[in-house]
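K.L.:
As a plain string of letters, each chain reads:
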Amino acid sequence: MNILRDLSDRFYGRGAYSVSVPPMDGALQPNHRLDAARRLYQGESPDNLCTLGGGFIFSDGAQLFTILDNEAARIGGHLPADVLAMCSFEGGVVLILADGTLWTGAPATLRPLDVDAKVQLAHATAAMMDADGSLIVAIGSSHNPAEDWSRDLMQRRSAGSVWRVSLVDGAASELASGLAWPAGLITLAGKIYVSEAWRHRIISLQDQSVVLAQLPGYPGKLSADGQSGALLAVFAPRSQLIELVLREPVYRRRMMEEVPQHLWVAPSYASGKSFLEPLQGGGVRQMGILKPWAPSRSYGLLVQLDSTLQPIASLHSRADGKRHGISSAIRQGGEWLATSRGSGELIAAAVAGTVLAGADPAAAATAEAG
Amino acid sequence: MSSSNASHQHDRGGRKPPRPSSIGQAAQAKQHKQFSDRLTELYYRVVPGHLLGEILSKNWIDNAAPFLFLLLTVGFFGANVEGFFEPASATELVRLIGEFGLLVLGMMIVMVGGGIDLSVGSTFALANFVALACINIFGLPVGVAFLAAVGASMLVGLANGLLVGYLKLRAFLTTLVTLIVVRAIVDMLLLAYAVDISAVFVDNDLWYAIGEGSIGGIPVSAFLFMAVAIAVHVFLSRMRTGWRIQSVGGSRRSAHNMGINVAGTVCLTYVMSSAFVGMAGFLYATRLSSVGADTGIGMEITVLTAAILGGNSLGGGRGSALKAAMGAITVLIITTSVIRMGLQSGSGQAVLGLILIIAVVVDVRWMKNRDKLLNSVYVSPTFFELPKTAVGAGTPYAMNDALRDVRLIGLGEVEGPEDVIFDRDDNLYCGNRHGDLIKFFAPDYTHHEVFAQIGGHPLGMSLAQNGDIYVCVGGMGLYAVDRSGGVRKLTDETNRSLFSIIDDSRLRLADDLDIAPDGKVYFSEATVRYEMHSWPVDSLESRGNGRIICYDPATDKTRTLLKNLVFPNGICLQHDGQAILFAESWACRVNRLWIAGPKAGQRETVIEGMPGYPDNINRASDGTYWMAILGMRTPALDVAMKVPSFRRQMARRVPHDEWLYPNINSGCVLKFNDAGDILDVLWDEGGENHPMITSMREHKGKLYLGGISNNRIGQIKLPEADQNWTGAGSYWGDKA
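If you read the protein sequences in the order shown, they are chains A and B. Going by the numbering used here, the first sequence wraps up at 687, each residue one higher than the last. Going by the numbering used here, the second sequence wraps up at 723, each residue one higher than the last.
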């Protein structure tokens, strides 16, 4: 029966063979707010925004920066390798670098910490301090380092894991495994939630129950938004063509063998930079104009979530925009700050009213009460 | 250069090279891949997958299911009924088919007009009675009896037609009422005259000849049926009124809006139907001379079954005499054979009912899904491996900014200038997507006018000796625009291929042309399978769908010279006039076709393995040629070309806007010589001013750029070129 169902699904393109992508509607209705946002910093690949004291800090490659008087200010020296994940605690930060080392302390005086070798820190995607002072680390995949995320997606892996690491002695214990590219972590009301990118959803770590599913993109880093909500950085869009490629093993294998990775039919932080990149029909310039709705391998999407991790507002940069590949975001006063890997910028946008016009007032009330 | 790599050496921004596996493995994998590629290639070469879609796009495919069912019926009963094929029984069957077929023809016409006629049985009985009464009681001639029978029936049809057509009553109820009323009339008449009719013995040879005679073994009724069927076929498919009936049946509202007299047309269908019923009733009378009370009872169901089984749509608008004939034959074979097989009485009706249900289901599902099915199977990609290529530094295609300082002409004022051309007075002409030819006035080209309205998107253009502009018009064919702006058609069709399923005589996408010294026009037709605006879809197939065609103005004849070309696009006459150069876009190559001299008729490849898709080719002032590259190859698409199954799934599963396209957002212009050497390449590396270039034309030291999805014409200076050179002069000599 299952085989029959499978065959009929394959024939009709249903079930597991469906390439449909959830529409961007409701709270996710497209706008141009990321493109309209103020630029604070222009670099190569800013990432890992986190609050520190009253200010904030972010990484760009192997360096740390903050913004003072609208000027980027470097903090500390050159690190031995690119920063993969960062989180802060009172008086200091924890850094995980691409060479697999973990550093902790005040940004200017970092010390390495030996961590249990079971944890593949070189594949880390996100880190978070837990209430008890230990560190929660998300490992995207046991097969591919963080930079190789599109390869991991194209290999259809679900080899990610989440670990608890003691910052005292570096001892580690596995909290979850078999996740499809866990890329963001957050604690809300004492519970840990993980964004599972390749399954387009956010799950609760304890019971692996799904709290938000069917996202139109690949969810990445999570951060607190005000007292009770959260911000979700969606680092790449889903598209029907990519969903199709994911279901066509022959083509996918040959593409991975024969085509350079940045020219794959795969999601990306940025697109349209080379004429060797794949182009889709709607992306053809007509009369000199690229339509905002054009299918694109990259997209900018920052989602504001309520206390139950349901979307209530969103900021977009569409196909005709540049601020794609939103890698991290935080709330800083009345503004949201976000890093765009696509354009290499740090940008700031005013926080919108938390209740959407036309949204269900009862739901909003619940959100506030929660 | 690693050959297992997709052959794209240009790797700007690539962070990592592809990971090499161990060398032995890679070599093995490569060999394996090549072998499986060859198998795939062979498969797609042998299996003509595109024919399925083409067959489904034909109207006659509606006949396939009924025809198959007819064959099955003949096969089954031929094997199971004793003596099925014996002359005597076969002749009897054919005689019945003649009668029954006329009834089904009538029903078919009513159905095509969007109605239904349930009164056939009663009308049949009435005609039978009238014919017998004329002969037996009044002793009238056979001809008069025939006319009386048909006339009486037509009166019933007229009643139906007036009620349904003009008073807009429901066809089903109205004809049901007529069925009952006419039956009652016949019963009353029978009560009064049955004895008179039965008592008389008719002595009329013609009467019996019609009823029982044959001509060369074929019964008279069958002849009559064939004649009527052919007439109906011509009427429905070739005549104005027939087309109107189909329009009314297809959509009453649209037919009304188009000015068709809907009521009259509907009325006509009922009158015609009843006339055929009258003929059938007359034939029945001559055959049996019987006035039984059960004549024609239940006939409407049998007739309706036959009409639907033949593939005539209950919904109206679709039907043909052939379908009616197939349905009639099938149903008659079933009903008579069921009786002859000795099944219980009533089982014939049961079988018929069952078939009716199945036929209705098939009809409804087919109507609903035919277009969906066609959409999902029409695009039929094939295996297509492009030669390796390279672009960027160290290749002839090194990047530069030569097109950056382009001057823009008509920015935002022209939409889709595929090609540009100049007359002898230096005025510039281009087409636009609204179907006009636009004239920009020399010398500064700042103001323009609509020079000619053609109606289709003008593509490639050439200047004829007398100053006319010859232009390929998408969807229309080859046209000429004279110096006063008058438009005249040169040709819109060529010779039809013998074995082509789709009609390839019409020109679908004439693309570019050039004119030989003897006046012959050589032009390319990019694809015979797609319309103008679906041209990128053809790239998904990369099958050889295109042609090179020659039009000879002297004889007004058009001939196809070369077929199965992969999107033939730009065409240019060589400087020596001996050959034409033409580009095959999706194949990324340029060919030469000799048209004169010792090699006339031969074809050879000039340039192969380009990194982009070539478009128009035009002459340059220094004896070489300009060629536009409309878009660049992308490695991901190159791989997809070798995996046709992926492209087929893409065409089926993914909406059009999401399909993988050639990268037609960026292009360049290059220069090559007769030997095929790339001499120069002009890029706009940022791609801001000229995202897509489909043509370029050199004129007096400047190069003008056109693009089919651009809203501008570009002009760049060529300081080193001959500042007095013009295309017109190059082709036809300097102005006298």
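Each hint should be verified, as a subset may be incorrect.
[Stated by the list, open to error] For lysine-lysine, the following DSS-like pairs were computed, each having C-alpha atoms within a straight-line distance of at most 30 Å:
| id | chain 1 | residue 1 | chain 2 | residue 2 |
| --- | --- | --- | --- | --- |
| 1 | A | 590 | B | 550 |
| 2 | B | 359 | A | 608 |
| 3 | B | 45 | B | 426 |
| 4 | B | 658 | B | 689 |
| 5 | A | 590 | B | 704 |
| 6 | B | 355 | A | 590 |
| 7 | B | 689 | B | 507 |
| 8 | B | 704 | B | 426 |
| 9 | B | 476 | B | 544 |
| 10 | B | 426 | B | 507 |
| 11 | B | 375 | B | 45 |
| 12 | B | 476 | B | 426 |
[What the hints assert, rightly or not] Only part of the chain B face toward chain A is listed, based on derived beta-carbon distances under 7 Å:
| id | residue |
| --- | --- |
| 13 | 174 |
| 14 | 184 |
| 15 | 185 |
| 16 | 402 |
| 17 | 619 |
| 18 | 621 |
| 19 | 623 |
| 20 | 633 |
| 21 | 637 |
| 22 | 647 |
| 23 | 652 |
| 24 | 653 |
| 25 | 663 |
[Claimed, not checked] Listed next, with one range per pair, are the computed distances between beta-carbon atoms:
| id | chain 1 | residue 1 | chain 2 | residue 2 | range |
| --- | --- | --- | --- | --- | --- |
| 26 | B | 476 | A | 359 | 53 to 61 Å |
| 27 | B | 26 | A | 524 | 46 to 54 Å |
| 28 | B | 589 | A | 333 | 52 to 60 Å |
| 29 | A | 326 | B | 26 | 24 to 32 Å |
| 30 | B | 355 | A | 567 | 27 to 35 Å |
| 31 | A | 447 | B | 23 | 27 to 35 Å |
| 32 | B | 38 | A | 530 | 39 to 47 Å |
| 33 | A | 668 | B | 388 | 41 to 49 Å |
| 34 | A | 492 | B | 38 | 52 to 60 Å |
These are computed hints drawn from the structure, not numbers from a lab. Since this is a predicted model, take the numbers as computed values, not measurements. Just so you know, even glycine gets a beta-carbon here, dropped at the ideal spot from N, CA and C.
K.L.:
Against this structure, judge whether each hint is valid.
P.N.:
Evaluated hints:
For the suggested pair residue 590 of chain A and residue 550 of chain B, the alpha carbons sit about 38 Å apart, so the restraint of at most 30 Å is broken. Note on residue 359 of chain B and residue 608 of chain A: the hinted pairing holds, with a Cα-Cα distance of about 28 Å set against a maximum of 30 Å. At roughly 41 Å between alpha-carbon atoms, residue 45 of chain B and residue 426 of chain B are farther apart than 30 Å, so this suggested pair is violated. The suggested pairing of residue 658 of chain B with residue 689 of chain B holds, with an alpha-carbon distance near 14 Å, which does not exceed 30 Å.
Annotation: proposed proximity of residue 590 of chain A to residue 704 of chain B holds, straight-line Cα distance about 28 Å (limit 30 Å). Our distance criterion of 30 Å between C-alpha atoms is broken by residue 355 of chain B and residue 590 of chain A, whose separation comes to about 44 Å. For a cut-off of 30 Å, the pair hint linking residue 689 of chain B to residue 507 of chain B stands: about 28 Å separates their Cα positions. With a CA separation close to 21 Å, the supplied pair residue 704 of chain B and residue 426 of chain B stays within the 30 Å bound.
Annotation: proposed proximity of residue 476 of chain B to residue 544 of chain B holds, straight-line Cα distance about 13 Å (limit 30 Å). Between residue 426 of chain B and residue 507 of chain B, the direct Cα distance comes to roughly 26 Å. Compliance with the 30 Å bound is thereby established for this hinted pair. Pair hint residue 375 of chain B plus residue 45 of chain B does not hold up; C-alpha atoms about 39 Å apart against a cutoff of 30 Å. Distance hint between residue 476 of chain B and residue 426 of chain B is fulfilled; the C-alpha atoms sit about 20 Å from each other, no more than 30 Å.
The restraint placing residue 174 of chain B at the interface with chain A is violated, with a minimum CB-CB distance near 56 Å, outside the 7 Å limit. About 63 Å separates the beta-carbon of residue 184 of chain B from the nearest beta-carbon of chain A, more than 7 Å, and the hint is not met. At its closest, the beta carbon of residue 185 of chain B sits 64 Å from a beta carbon of chain A; the interface hint therefore is violated under the 7 Å criterion. Interface hint status for residue 402 of chain B: upheld, as the beta-carbon distance to the closest one in chain A is roughly 6 Å, under 7 Å.
A hinted interface residue such as residue 619 of chain B counts as satisfied when its beta carbon comes closer than 7 Å to some beta carbon of chain A; here the least separation is about 4 Å, so the hint holds. With 7 Å as the threshold, the beta carbon of residue 621 of chain B comes within range of chain A, its nearest partner Cβ sitting at about 5 Å, so the hint holds. Interface restraint check: residue 623 of chain B against chain A, minimum CB-CB distance 4 Å, threshold 7 Å, status holds. Nearest Cβ of chain A to the Cβ of residue 633 of chain B: about 4 Å, under the 7 Å cut. The hint holds.
Interface hint at residue 637 of chain B: satisfied, since its Cβ lies 6 Å from the closest Cβ of chain A, which is below the 7 Å cut-off. Restraint check, residue 647 of chain B versus chain A: the minimum CB separation of about 6 Å is within 7 Å; hint holds. Annotation: interface hint on residue 652 of chain B holds; nearest CB of chain A at approximately 5 Å, less than 7 Å. The beta carbon of residue 653 of chain B is positioned within 7 Å of a beta carbon in chain A (closest approach about 4 Å), and the interface hint is therefore held.
Interface hint at residue 663 of chain B: violated, since its Cβ lies 23 Å from the closest Cβ of chain A, which is beyond the 7 Å cut-off. Checking the proposed 53 to 61 Å range against residue 476 of chain B and residue 359 of chain A shows it holds: the Cβ atoms sit about 59 Å from each other. A beta carbon spacing of about 50 Å between residue 26 of chain B and residue 524 of chain A agrees with the range 46 to 54 Å that was offered as a hint. For residue 589 of chain B paired with residue 333 of chain A, a C-beta distance near 54 Å keeps the hint of 52 to 60 Å intact.
Between residue 326 of chain A and residue 26 of chain B the C-beta distance comes to about 28 Å, which sits within the given range of 24 to 32 Å. The beta-carbon spacing between residue 355 of chain B and residue 567 of chain A, approximately 33 Å, falls within the hinted interval of 27 to 35 Å. The beta-carbon spacing between residue 447 of chain A and residue 23 of chain B, approximately 52 Å, falls outside the hinted interval of 27 to 35 Å. Between residue 38 of chain B and residue 530 of chain A the Cβ separation comes to about 44 Å, which falls inside the hinted range of 39 to 47 Å.
Here the CB-CB span from residue 668 of chain A to residue 388 of chain B is close to 43 Å, well matched to the stated 41 to 49 Å. For residue 492 of chain A paired with residue 38 of chain B, a C-beta distance near 58 Å keeps the hint of 52 to 60 Å intact.
Checked against the numbered hints above, the structure violates hints 1, 3, 6, 11, 13, 14, 15, 25 and 31; every other hint is satisfied.
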